[in-house]
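Enquirer: So the sequences go chain by chain: E and R.
Under our numbering, the first residue of the first sequence carries the number 444, and numbering increases by one thereafter.
Under our numbering, the first residue of the second sequence carries the number 7, and numbering increases by one thereafter.
The hints are simulated quantities; they were obtained by calculation from the structure and are not laboratory data.
Cβ coordinates follow ideal geometry from the N, Cα and C atoms, glycine included.
Among these hints, one or two may not hold up.
For lysine to aspartate or glutamate, the following EDC-like pairs were computed, each having C-alpha atoms within a straight-line distance of at most 20 Å [unchecked claim]: (1) Lys671/E x Asp651/R; (2) Lys664/R x Glu681/R; (3) Lys671/E x Asp296/R; (4) Lys671/E x Glu681/R; (5) Lys555/R x Glu622/R; (6) Lys522/E x Glu508/E; (7) Lys283/R x Asp211/R; (8) Lys664/R x Glu509/R; (9) Lys671/E x Asp653/E; (10) Lys664/R x Asp444/R; (11) Lys555/R x Glu773/E; (12) Lys664/R x Asp654/R.
Distance windows between CB atoms, simulated [claimed, not checked]: (13) Leu426/R x Arg517/E: 52 to 58 Å; (14) Glu716/E x Asn476/R: 45 to 51 Å; (15) Gln520/E x Gln558/R: 56 to 62 Å; (16) Val337/R x Arg718/E: 43 to 49 Å; (17) Gln271/R x Gln694/E: 32 to 38 Å; (18) Arg309/R x Pro713/E: 50 to 56 Å; (19) Gln520/E x Arg560/R: 41 to 47 Å; (20) Arg718/E x Ala480/R: 28 to 34 Å.
This is what each chain is made of:
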Amino acid sequence: MTFLIPKAGMNRRTVLRGLLGGGAITVGLPILEPMLNLHGTALAQGQPLPTRFVLWFWGNGIRREHWIPDEVGRGWQPKEELAPLIDAGLRDHMSLVTGLEIKTATHPHHSGMAGILTGARYHQVGTTRDTIVSTFAHPSIDQLAAAHFEGQTPFRSLELAVCRFRGTDEGTTFQHLSHNGVNDVNPSEYNPRRAYNRLFGMGASDAQIDLARRSVLDGVMGQIRRLKMRVGARDRVRLERHFQSIRALEQRLGGETAVCVHPDAPEQFPDVEGREQIAEKNAAMSEMMAYALACDLTRAASVMFSTAGSGVVMWPAGAQNGLHQICHDEPVPQPMVHAAVTFMMGQLAVFLNALRNVQEGDGTLLDHCSILCTSELPAGNRHSNDEFPVILAGGGSGRLVSGLHVRRPNQNASLAGLTALRGAGIPLQSFGHGTGRVDTLIDDCLSLG
Amino acid sequence: MNRIQRCLVAVAWVGLFACGPERADDTEHAEELGASAGGMSAVAPPWDGQENAQDHQRRGQATRGGQAGAAMDAANAESTIAPPPQAGDMHQTMDTSTTEDTEDDRTSRPSEEGGTMADDMTRTAGGTVDETAPNAPTGGIALDMDPPDDPLRGGSEATPPDNAHEAPPEPVFAPAPPGMYRLTQQQYRNLIADVFGEDIPVPDDLEPDTPIHGFASIGAGELSISARAVEQYEAAALSILEAFLASAERRATYFPCADPVADGQCLRAGIAAMGLKLWRRPLANADIEDVVALVEALAPTLRDPWLTLRHALSVLLQSPHFLFRIEVGEVDPTDASQRRYTGLEMASRLAFLFWNRGPDDALLADAEQGRLTSDDGLRTVAARLADDPRTTEAILDFFAEYLNLERLDHLEKDRTVFALMSDTLGPAMRTEIELLIDRVVNIENEDIRSLLTTRRTFINDELAAVYQVNAPEAWRAYAFPLNSPRAGLLTTAGVLAMNAHHEATSPTYRGKYVQNKIRCFDIPPPPPGVVAALNPDEVGNAPRTIRQKLAQHREDPACAGCHLLMDPIGLSFENFDALGMWRTTEHGLPIDASGEYAGERFNGPKRLGELLAQSEDFGHCVVRQLFRYGMAHLETVGEEPAIMDLQDQFADAGFRFKTLLTDLALSPAFRRPGELQ
Chain E
444 MTFLIPKAGM NRRTVLRGLL GGGAITVGLP ILEPMLNLHG TALAQGQPLP TRFVLWFWGN
504 GIRREHWIPD EVGRGWQPKE ELAPLIDAGL RDHMSLVTGL EIKTATHPHH SGMAGILTGA
564 RYHQVGTTRD TIVSTFAHPS IDQLAAAHFE GQTPFRSLEL AVCRFRGTDE GTTFQHLSHN
624 GVNDVNPSEY NPRRAYNRLF GMGASDAQID LARRSVLDGV MGQIRRLKMR VGARDRVRLE
684 RHFQSIRALE QRLGGETAVC VHPDAPEQFP DVEGREQIAE KNAAMSEMMA YALACDLTRA
744 ASVMFSTAGS GVVMWPAGAQ NGLHQICHDE PVPQPMVHAA VTFMMGQLAV FLNALRNVQE
804 GDGTLLDHCS ILCTSELPAG NRHSNDEFPV ILAGGGSGRL VSGLHVRRPN QNASLAGLTA
864 LRGAGIPLQS FGHGTGRVDT LIDDCLSLG
Chain R
7 MNRIQRCLVA VAWVGLFACG PERADDTEHA EELGASAGGM SAVAPPWDGQ ENAQDHQRRG
67 QATRGGQAGA AMDAANAEST IAPPPQAGDM HQTMDTSTTE DTEDDRTSRP SEEGGTMADD
127 MTRTAGGTVD ETAPNAPTGG IALDMDPPDD PLRGGSEATP PDNAHEAPPE PVFAPAPPGM
187 YRLTQQQYRN LIADVFGEDI PVPDDLEPDT PIHGFASIGA GELSISARAV EQYEAAALSI
247 LEAFLASAER RATYFPCADP VADGQCLRAG IAAMGLKLWR RPLANADIED VVALVEALAP
307 TLRDPWLTLR HALSVLLQSP HFLFRIEVGE VDPTDASQRR YTGLEMASRL AFLFWNRGPD
367 DALLADAEQG RLTSDDGLRT VAARLADDPR TTEAILDFFA EYLNLERLDH LEKDRTVFAL
427 MSDTLGPAMR TEIELLIDRV VNIENEDIRS LLTTRRTFIN DELAAVYQVN APEAWRAYAF
487 PLNSPRAGLL TTAGVLAMNA HHEATSPTYR GKYVQNKIRC FDIPPPPPGV VAALNPDEVG
547 NAPRTIRQKL AQHREDPACA GCHLLMDPIG LSFENFDALG MWRTTEHGLP IDASGEYAGE
607 RFNGPKRLGE LLAQSEDFGH CVVRQLFRYG MAHLETVGEE PAIMDLQDQF ADAGFRFKTL
667 LTDLALSPAF RRPGELQ
């Protein structure tokens, strides 16, 4: 079966509906086999399939007594919080790294978030209040990947989210995952229908209309260029971002389009009796991401399952209060926190299996991804920064070694980031800044020379 | 209390509890700090008594450090007090700041090193101070430029004076630099409604605001426009224009001709009129001709004149001149040593401050005639705006954001415990508070502190059930009887419920809300490594009240530093459950609702409201919050004198809010930008 259709002015929606019969993706589809990317440039047979970098993030950490296996190497036995991943058949598609530590730690949540995602300290926004309001000082790891893959796919990066909760007075660190720098964010879409509309729902494009839209965007870029000369240095940086954002759309309109399989338009998932439909949204978003990656719409992506310090009510795990608060209020050994983490790992399993269900060449989409799965602290009640939870999932097109538990006590958590980037074939030599910087790898997890 | 006493009280209050964000760093990075600060001695562990004493002393020095210290004290208004920069430290910092680590240290430890004071004094409008960030171009310059004897900075002596309680000199006003503020979602919607009509639909799919320091407007002064947002703005522009241009009657507002593509005069006049409203300033001829050129370029292929216009005019809606409020300022022609916002910039500033919308024709005319840059003219205009119905609406938006009322929109409680909980109860709680504020602030223009004590509120049937009073058929005014335990904002179901868990109360949340929102006193997050969880109930123990469970917060020194600021206040609310309903027992145990505030022991939040209303704190806090919201940035140290002036004026005016809005509009902080940075 061939599902990638050469461009040639077909109406995407009809073609794809016809092909798939509107069915949801439940079986593996050889989407990329006679490979065309979306610019319509055919890759020669036998050329390697693309490798993607994905970040999958959840807030509030883990319970370490239910996380760290007693055994290292291949024979490790999962404790309860990792069991959902193993039970879902993912043992041979992930490695667990334990013992890592954030070396740029100052404040809970903030430090861990900036530390694991940028390898650096957070940037404090304003100092005249006696509380921490923070953002990232550097691009987050998904954007390092995005910079590497830039120009090869229609979307430079893709940001999806699941749970709705956002912090309000802690800065961007508690609201967003993907950052380009100081207060410069790539907000995650957390409405599955809107994500669908953005990625697959635009219908047929009309060359004349696209040309008109490009002319308008050119006009706006001209305005930005002139305006930049009138404003201060900080605002010039912001205008440059606006410029780049417009250019991304302008270039996409100018690129040749190919078509790819669509998922069905997802439901809206309104709350039921005040309960957020977490698992349903996660399944829809996971499917959306699988299609987007399989169709090579982007090679740098992130899923923010929940924010740093998220107050989401994990009611499917039996929780009645926000998770962040339970982390603080529930007496040790915190059975509710444990249940919530176990539930979230089940949700991660759903995501990883959505990728594994897509056939790609002689493997699966998951085999061609390098996925860093992590949180912003090891344990929500301790606010410490050692024993950071890290899972390296996916095969990285053969670069990543799966099935391991690698123990790296007190080593720099940035090692995980650099290893995941290299697993995606991104040849960065270092990751992080200051005491967070590393230029070595978790060798056990990589099968590179 | 005068402003200097305000500072001293702040020192005593904070020093007593030693609850500050920099403390965690003290231990975590004592070694690095010693190195970077040039031999500063290693710091003791954060929560022991010795460190408390040191911390207190350090804060004390801040006040002695001269104007900068005073400004800093004031900036924190009963919050953190930073040490003054000391010349020696400053140079050490500069010498060692070549490594990125040291700079990072300063970023996350604002109060620890001399360098940050310099940063504070020259902070960008948004208040960011990181030099390590590639996007923060101003930080590094400040260090090099600040001479040790800068009168603004003060504290140039290597050794502070001996007398810790010597009153500091009055700080000097220094305006914040001008900036660019992206439209918030609400502002975008308001502008579209004003330019195209209330009933033109705006797509839901717009990027949500990113509030910073509690306000969407501050986030809008920081964020740029992401790739995703550009797509959303484009789609919104095309959809709005499609709806607008579809109606011959509507489009005639701007294009009263059959075919504007063929009628150059009609086209240009329409672009100019629409552009003026969208960009909040007259378009230059070149701007108009750019749009005309687009029309001419698109017309041959798109053919239909209105389809052509739909696309060409979308350039106005996707433009940075629409999506950002852009302010630069100009040299004041009457005093070349100062800068001022231009008349047109003032028209926008006033419109967004009073209405959260763009300027109308009258304001643009005021700008053109120079009224907005003269004292008398501005006073007249501000008085007019204060009485405008659009102001009433925007004031409620401000209070809703300030008091976090949006948390009531999706309020959730455990419905197995609270039979009264429903999808509509949270919004009803929000409505009650908004009606209450509307009465006190807009209708009666009372002393705003009466919000904390008034017995008069508004109820519907759902709230009547929560309050256990007779249900009205529709919303109506209601006065709690004199002997009711309820009075004022703090005992509304909304405030009680939003600061509680889904099933249990949270004295900590409630105490924090009082400190944050009524007193503008920030509680820092717990430091790393502290086990921020309560000890387990001992097996076989009888059930305990939350007061008993929280005893650890007050007794364990690792918790008490901050929790003593919250729990003793919050525990006085214990007669109100997580939904805000009255109760006398918890797990069958009698409730003790005693609390302590400002040295007085009391029972129940009604008395707390009276105590808070006797102080000027709430009035001062409202000024600070309005300043953040209206100025769209976190106050800088240099703006502190202007804030204190406003606080004094507010007190003199009997804490009546409409006067405050006008006073803010007339304040130098609102009218004068600093240099472009």
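Enquirer: Would you say the C-beta atoms of Gln271/R and Gln694/E sit inside 32 to 38 Å of each other?
Expert: Since Gln271/R and Gln694/E have Cβ atoms about 37 Å apart, the given range 32 to 38 Å holds.
Enquirer: Has the given pair, Lys671/E with Glu681/R, been kept, meaning a C-alpha gap of at most 20 Å?
Expert: holds (16 Å)
Enquirer: Assuming the hint says 50 to 56 Å, is it satisfied by the Cβ distance from Arg309/R to Pro713/E or not?
Expert: Since the Cβ atoms of Arg309/R and Pro713/E sit about 42 Å apart, the hinted range of 50 to 56 Å is violated.
Enquirer: Has the hinted range 43 to 49 Å been met by the Cβ atoms of Val337/R and Arg718/E?
Expert: Since Val337/R and Arg718/E have Cβ atoms about 59 Å apart, the given range 43 to 49 Å is violated.
Enquirer: Is Lys664/R close enough to Glu681/R, meaning Cα to Cα at most 20 Å?
Expert: violated (30 Å)
Enquirer: Check the hint pairing Lys671/E with Asp651/R against an upper bound of 20 Å on the C-alpha distance.
Expert: This hinted pair is violated, its Cα atoms lying about 35 Å apart.
Enquirer: Is the hinted pair Lys664/R and Asp654/R satisfied, with a Cα-Cα distance of at most 20 Å?
Expert: This hinted pair holds, its Cα atoms lying about 15 Å apart.
Enquirer: For the pair supplied as a hint, Lys555/R and Glu773/E, is the alpha-carbon distance within the 20 Å limit?
Expert: holds (11 Å)
Enquirer: Holds or violated: the 41 to 47 Å window for the beta-carbon distance between Gln520/E and Arg560/R?
Expert: Since Gln520/E and Arg560/R have Cβ atoms about 43 Å apart, the given range 41 to 47 Å holds.
Enquirer: Is Lys555/R within 20 Å of Glu622/R, Cα to Cα?
Expert: violated (33 Å)
Enquirer: Is the straight-line distance between the alpha-carbon of Lys664/R and that of Asp444/R 20 Å or less?
Expert: holds (12 Å)
Enquirer: Note whether the CB distance of Arg718/E and Ala480/R lies within 28 to 34 Å or breaks it.
Expert: holds (30 Å)
Violation of the numbered hints given earlier is confined to hints 1, 2, 5, 7, 8, 9, 14, 15, 16 and 18; the remaining hints are satisfied by the structure.
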